[in-house]
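Participant: Going line by line, the protein sequences match chains G and W. 1 is the number of the first residue of the first sequence in the numbering used here; add one for each residue after it. 1 is the number of the first residue of the second sequence in the numbering used here; add one for each residue after it.
Simulated from the structure, these hints should not be mistaken for lab results. Note that the structure is a prediction, hence the values are computed from the model and not measured. One or more of the hints may lead you astray.
Derived CB-CB ranges, DEER-like [as the list claims (entries may be wrong)]: (1) W/G188 x G/A18: 43 to 49 Å; (2) G/L22 x W/Q58: 18 to 24 Å; (3) W/A45 x G/A18: 50 to 56 Å; (4) G/T348 x W/S39: 17 to 23 Å; (5) W/V43 x G/L61: 36 to 42 Å; (6) G/L246 x W/G188: 27 to 33 Å; (7) W/F25 x G/V297: 53 to 59 Å; (8) W/H63 x G/V297: 46 to 52 Å; (9) G/V68 x W/F280: 54 to 60 Å.
Below 30 Å or equal to it, Euclidean Cα-Cα: the simulated DSBU-like pairs (lysine-lysine) are [what the hints assert, rightly or not]: (10) W/K275 x W/K106; (11) G/K23 x G/K156; (12) W/K106 x W/K133; (13) G/K344 x G/K23; (14) W/K111 x W/K248; (15) W/K133 x W/K111; (16) G/K426 x W/K50; (17) G/K495 x W/K281; (18) G/K495 x G/K109; (19) W/K170 x W/K133; (20) W/K50 x G/K156; (21) G/K156 x W/K170; (22) W/K220 x W/K170; (23) W/K111 x G/K344; (24) W/K106 x W/K50.
Ideal Cβ positions, reconstructed from N, Cα and C, are used throughout, including at glycine.
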Amino acid sequence: MATTDGPDFGERESYLNAGHGLKSWLLTVDHKRIALLYLISITFFFFIGGFFALLIRLELLTPGGELVQSDTYNKLFTMHGQVMVFFFLIPAVPAVLGNFLIPLMIGAKDLAFPRINLLSWYLYIIGGTLMVYTILNGGVDTGWTFYTPLSTEFLKTNVISAAVGIFFAGFSSILTGLNFIVTIHRMRAPGMTWNRLPLFVWAHYATSIIQVLGTPVVAITLVLVALERLFHLGVFNPALGGDPLLFQHLFWFYSHPAVYIMILPGMGIVSEVVCCFSRKRIFGYTAMTLAVVGIAVIGFLVWAHHMFVAGISIYAALIFSLLSYFVAVPSAIKVFNWTATMYKGSITYQTPMLYAFGFVGLFTIGGLTGLFLACLGVDVHVHDTYFIIAHFHYIMVGGMVMAYLGGMHFWWPKISGRMYPEGWGKLAALIVFIGFNLTFFPQFILGYMGMPRRYHSYPPEFQILNVLSTAGATILAVGYLLPMVYFTWSMRYGKPAPPNPWNAAGLEWQTHSPPPTFNFDEQPVVTWEAYNYDEIGEIPEKEKEEVPVAH
Amino acid sequence: MFGHFPLWPESASTNAGNVDALYIFLLLVSGIMTALIFSVLTVFAVRFRKHRGQRAVQIEGSHHLEITWSIIPFCVMMVFYIWGAVIFFQERTPPQDATEVYTVAKQWMWKFEHQGGQREINELHVPVGRDVKMIMTSQDVIHSFFVPAFRIKQDVLPGRYTTLWFHATKPGTYHLFCSQYCGTQHSGMIGWITVMEPRDYEAWMSGSAGNQPLAVTGEKLFSELGCVTCHRSDTQGRGPNLVGVFGKRVLLEDGRTVTADENYIRESILEPGAKIVQGFKPVMPTFQGQVTDEQLNALIEYVKSLAAPQPGRSANTSPVAGASPQL
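Chain G with its partners taken away, still in its complex shape (with noise of 0.2 Å):
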């Protein structure tokens, strides 16, 4: 077991301070400083989505569409949902913490292909580049899903840079899953069998899979899509020969596994969160593991549950319909095990745990709502307004950017090295918290109620729910810019951290806040399962909090 010594934060040498200049960055090998490029870089493309959606809201807080043009509107909607899926929600948690963590966490010095991660990085930021010129040269208005013919005959905007910008994000996303697949099984420290992972690192060998075997097919989709427009290809224009559905499927076979690629990471830290802070094992070891893998397979059945009313034939819907329901239990019971653990806890209430407590919650209304989608009849109805917003929003912002923000405050002492504001932190969360709900909850209302989804303009009948849905935007935006704000100050001004400072299970606590290069002073040896809180006992006091801390 690695030793460590209290508060070391200073001259002693760490990832942080390994290399200095722009150079020893860029040309990293070091998943530390890979995370924090990809932080940078993800955080940059969160503002700008976030803009647009800010945008969006102030455009619908009238019905009559007086903010922008038409146009406008359909490419600030269409590179919203661009840039917030492909380059924030997929890479967010796997690439930013993922990566940080999963070596640290199964005792390697790096990923299995330190080389290809930062190949990772570069795809990225070339597809990211791509996207930005998307943008500056008058962006793009196919929608986020780019269906066909519309995409590829009758628009005029930038769908060729826009489809190639997420066909590099792509293989950068296909590598990084590959990266942890591979050191997932050739890496793991002495003892630490797949029985003792940390959930965190079940969650993304589950994401990896998901990766790997379902963006080629968006890539390949995506390109289609592009030789069309250019060279009349007629894959899925009927003028031209082609099928109108045919790239709903492909799409969606991808895209919808890409929830979950989106939402297990989530899951994961939300495990590593809530034991942490109830000083409990995770009910159900076994059960959770199986769930995620569980979801990772059972999400590649479940794509066309996406075109119920797409002209597909019903026999084909009942079956996708049962399908869906089907990968809603592993779900309900990850909810209902985190529920469990805190059973006969011991509960501390610091930030990341706020947001576990948030992202359980929220989850759990995305994941019912998405009960009443699975279900044709009601599905017919609700599809295509404002309540699949609402749904996929208490998923993907509810859900994942919480558990994110969580993780984030979670392990900022250990990627950072000091401590971010507790009362700021709280604070945060509480505003992220009501702002979502005032954003979203609305729309379900709004999308019963039969108000489509990308309406620039809107009957008046709809206002009132509008303007709370934009005055929550405005709520939440403020709860992002805040961490935003105290992590950036914390670099600098922020306490000091120790090694491990909730007191937590697992190898990342036992190195060094923040780690040096190759992560472990000696090679980490497990003899223990995971999240042994039962050995750790409680979070030291806040007055006890610079005594070493060793097990």
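Given chain G, work out where chain W should sit, using these hints.
Facilitator: Relative to the frame of chain G, chain W by itself:
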């Protein structure tokens, strides 16, 4: 601006009541589930918060509990599934004798044509208490026909027909939305469905006269385009006799059978070589680019009228005699 603040959509079709009932059931069940999870979370959060000198009690898990809370939700979900499937099946199975309205969607308008030949744009008049079937296609991109008050929606595709039906129960004017993003004026591709009492509806239908029935338009086209030279009403033509064909199974040259529905007839006009009826040669030229979607609708309506000769119209032969050889 805040005077009118509804929270529930109007209900104006038989289907609306069915969907609302299921939706309310789902709301109740998921409301109970949410309340249950939230209150357990709250109770645990308060009851098991950290107390000095008291340690957490470690619990490995419980297979019994896990199986219980997998199976019970699953059974409840199967109720959702079956109930939803039944409604969906009804929504997707139009009654036989429904009044048909042909719909052509294009960026960014809805064009309707009634069987009587009346045409409308972005407005559709339908009678209360009667089944109405929409036969829809698009001239360009994918659109979607959505009437919230009827709780129905169906994407409208280029190059093929999709259908949808409803049975309006309440006179009034209801929103029609395009719900599939279709380009610049997507949110302007809206209209009104006016549901009228049967008497008012008949008056409206005869008031917008000056049209000839769609089938008559189709019959004229049928001879103008020369279809009639091969598709003769006896067994001697080079093409299949079309009398009585519509809605029947057709045996193809390669041994398959297809139902002679709107999509099959459309395909046979635009891509005659795709499905050759047994006993015939692929000699028909394509009419791709020569007929508009509206003309296709008229031709299809004419072929339909040959299947069920209406009183007052001169079906040129007995359907029984003409129907047989190629079926």
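Participant: Each hint needs a verdict: does it hold in this structure or not?
Facilitator: Quick rundown of the hints versus the structure:
{"no.": "1", "hint": "W/G188 x G/A18: 43 to 49 Å", "result": "violated (58 Å)"}
{"no.": "2", "hint": "G/L22 x W/Q58: 18 to 24 Å", "result": "violated (49 Å)"}
{"no.": "3", "hint": "W/A45 x G/A18: 50 to 56 Å", "result": "violated (42 Å)"}
{"no.": "4", "hint": "G/T348 x W/S39: 17 to 23 Å", "result": "holds (21 Å)"}
{"no.": "5", "hint": "W/V43 x G/L61: 36 to 42 Å", "result": "holds (40 Å)"}
{"no.": "6", "hint": "G/L246 x W/G188: 27 to 33 Å", "result": "holds (29 Å)"}
{"no.": "7", "hint": "W/F25 x G/V297: 53 to 59 Å", "result": "violated (30 Å)"}
{"no.": "8", "hint": "W/H63 x G/V297: 46 to 52 Å", "result": "violated (21 Å)"}
{"no.": "9", "hint": "G/V68 x W/F280: 54 to 60 Å", "result": "holds (57 Å)"}
{"no.": "10", "hint": "W/K275 x W/K106", "result": "holds (28 Å)"}
{"no.": "11", "hint": "G/K23 x G/K156", "result": "violated (40 Å)"}
{"no.": "12", "hint": "W/K106 x W/K133", "result": "holds (19 Å)"}
{"no.": "13", "hint": "G/K344 x G/K23", "result": "violated (51 Å)"}
{"no.": "14", "hint": "W/K111 x W/K248", "result": "holds (28 Å)"}
{"no.": "15", "hint": "W/K133 x W/K111", "result": "holds (15 Å)"}
{"no.": "16", "hint": "G/K426 x W/K50", "result": "holds (18 Å)"}
{"no.": "17", "hint": "G/K495 x W/K281", "result": "violated (86 Å)"}
{"no.": "18", "hint": "G/K495 x G/K109", "result": "holds (27 Å)"}
{"no.": "19", "hint": "W/K170 x W/K133", "result": "holds (17 Å)"}
{"no.": "20", "hint": "W/K50 x G/K156", "result": "violated (61 Å)"}
{"no.": "21", "hint": "G/K156 x W/K170", "result": "violated (43 Å)"}
{"no.": "22", "hint": "W/K220 x W/K170", "result": "violated (38 Å)"}
{"no.": "23", "hint": "W/K111 x G/K344", "result": "violated (65 Å)"}
{"no.": "24", "hint": "W/K106 x W/K50", "result": "violated (64 Å)"}
Comparing the model with each numbered hint stated earlier shows that hints 1, 2, 3, 7, 8, 11, 13, 17, 20, 21, 22, 23 and 24 do not hold.
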